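Order-wise, the sequence lines are chains A and B.
Start counting the first sequence at 1; every next residue gets the next number (my numbering).
Start counting the second sequence at 1; every next residue gets the next number (my numbering).
Treat the hints as calculated values from the structure; they're not laboratory data.
These numbers were taken from a predicted model, which means no experiment stands behind them.
Mixed in with the good hints there might be a few duds.
What the hints assert, rightly or not - Not everything, but these chain B residues come out facing chain A in the computed CB check (under 8 angstroms):
#, residue
1, Gly-231
2, Met-474
3, Gln-606
4, Ile-646
Note that the Cβ used here is the ideal one computed from N, Cα and C, for glycine as well.
The residues making up each chain are set out below.
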Amino acid sequence: MKTISFTLNNQPVSIQTNLQKRLVDVLRENFALTGVKEGCGEGECGACAVLANHKLINSCITPIGSVEQLDIMSIEGFRDTERYHILAAAFAEAGAVQCGFCTPGMLLAAEALLHVNASPNEPEIRQALSGNLCRCTGYSMIVDAVKIAAKNGDGLW
Amino acid sequence: MNNTNIGIRVNKVDNQEKTSGSAKYIADLKFDNMLYGKTIRSTKARAKIQAIHYPVLPKEYFIIDHNDVPGQNRVKFLVNDQPFLAETMVNYIGEPILLIVGPNRQKLKELANKITIEYQPLAAALTYTESLQCTGGAIFGTDNKFASYAYEKGDVSLAFSQAKTIETDEYTTGYQKHAYLENQGMIAVPEADDKVTVYGSMQCPYYIKRALEQALALPEEKVRIVQTTTGGAFGGKEDYPSILAGHAAIAAKKVGRPVAILYDRLEDMASTTRRHPAQITFQTALDESGKIIGMKIDVILDGGAYAGISDVVLQRSLFNITGVYHIQNLEVHGCVVATNTIPNGAFRGFGAPQAFFAMEMHMEMLAKKLQKNPLDYKKLHIVKQGDTTATSGLFLDKVPLPEMLETIEKMSDYTKRYELYQKNRNHHGIGISLFLHGCGFTGSGERDIIKARIKLRRQANSKQVEILAANVDMGQGLKTTFKKIVAGALAIPMTDISFNNPDTDQVPDSGPTVASRSIMIVGKLLEDASRKLKARWQEKGAIEITQAYKQPERMHWDSEKSRGDAYPAYAWGINVVEATVDPLTLQVDVNGVWTVFDIGQAIDEQIIQGQIEGGVLQGLGYANMEVMTNDKSGKIMQDNLTSYTIPTMVDFGKVNHKLFTTYYNDGPFGAKGAGELTLIGAAPAYAAAVAQALKIHIDRLPVTPEYLLEVLQNENHFLYAK
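Please work from the sequences and hints to get the whole structure.
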């Protein structure tokens, strides 16, 4: 057991833990952040995605030992931002939400993209979000949502 | 009755809780004193269980076996053949034998590894042939057939005796896994007075309730089922949840504490249902002009080790086998057989995708042999209003296919491109599929078995209306569309209507969330109840309206003979897919997808767009990349999302679509079913495009590069190489 300190949703936190414990389990069990979903447990689907220093990572294949001093943001932290509200409204407008299980990860993937590319074209959106699986929507309405958010959030990213 | 405004999109009512991550799925719930359950499964395809050796269990850890089932150790489906927990025999790799329950999930895994089971292996039947030969003795009944049907119309013998030529071919299709993003899970909570409540991810609360009453030997009032936000289902949470809920409830009953059984991806992939593989054979009699004058068709589905709902899946394959074509002399046989593999079950389309792939490709084959344009050949045979269906029912409503064809020609330039790609040898191809979906349950299932009821409730001195129905929102937007129907019929705002996740203590049995029935059948009950409520709106007191299903008078079905109107209404679709094949790697790029659908009035056009985009992509996945196979021991070879690949955001582009609206009078605002229709046409259109690109014929799904190589190396497949 070691102590790991990191920033979680803008708050400094420390946790006594086995370093091998998966970040997804720490977030869901220790911090009750159930907006972080486990879909596959092997980094394939992106339902567990969170931001680490504004980069998208899969928390199911991230050992907690590797997040020391990082800035971790889950949907529960991101949803307080103005950028979230732009994205959420765009997802609603485009009809990009069906079962919702992939949705928090998709929003964070969109945020990670827009952070480095505020006006992405369609291939860039598809590439950036291609690590997040969705079985309901067929993806194109999610692509539309990201385009709408980029337009409406002009200047925010 | 037609309200043209109803289809205008609204924001879905559950967007906010889902985008913000606050929606609670089953794995997000915790109960005081809750234990976890792990399932110990068979590692043999077929064997006698000889002995089980257990480790010493720490405090708070328990083993549950078949002796702990208080009632009947059989899952209530159409046939009671499947045990919740194996008794003396196992019939597939992955069959549940024991549950181990305790507080720590890691510890459960360690203990599970210390349980050893001694088996006496038996010869397993893993293929159609082995099943039909009853290798190792029959798994089911005396002949391994879970169900078999035969029906005919016209005079087949005469047609075949007058035939100029008779063409024969065969099609096979593979498994498909739902791969909903949320794995299956249930939590059972023991309550006072022997009652049990089960929470979980599901499509059919009342199926589970009835299964648990039988398993726990409890009266109706002692079993309560509550649906939690469901992360995708596609049919996969129709049948299997009855087993899983049974496990959780049996365990909770034994230990007297809440028990959660939450599958990870590996367990979900390797033990829940899949789409039935099919083998479909055609013998078709043609006259001098090449027109079809008669057909003999044989369908065989692989049901897996237990009957489940395979019987009904087979019915849909058989009753839709002639596609959108009018075949006057017809003989259809089919059976679904038992194999020592994971039991197969419901999946969006429910036996129809297999049938339409086969029939559409058979029509392609006939056209190629006759050196005709496939679409022109198909047009010669398309059904019209007033024609008979395969089962000698009637197409009572307008068949909108001719107008739909004109539209899709304009959208996709199909014919021009087809002719161009016929001449070129640059590995481009374009394919077209025509299809229908019989909406709702097959035959008189709604009237005789489901008997749906809903309620609307308005409290005294209130404007708020509550919808009480057992159908679930699993992502398809039901919470929004049900509210829209009631709001539209009552002319009140949607915000004045509530509709919670079904709780069987609160809602009547309005039937399962399956068969593209929720809008057409249950939505109609809501619309009718709303109109009754509107007439009484000025009353001061509380009002409760109950509405029960009545079969449309125009529908006639004889289930003994499989004869008559198998469905109350039909939704229609046409898909065009354009593809380019890399001649070296045989990888396929889809360049364009165009679709038209007639689903009657869309209750929400954007939700329908979501059904179309999602359904077509699942269909394209089924066609080109979703490979699932068993190894020689009968074990599933693709048990995660790395080895079982589903489409990602970069695999396909936009699905272009246009809606047609042939109103259906017995659907709300004229709506028919939509959910399943959208998946059916993608695979045959894709296969036809790839076939043209390579100048071959395709007779198998999925169309992998390995399969294409096999075809290219077999000279007999070059049907229209010129």
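Handout entry: Hints that the structure is at odds with (numbers, increasing)
Key = none
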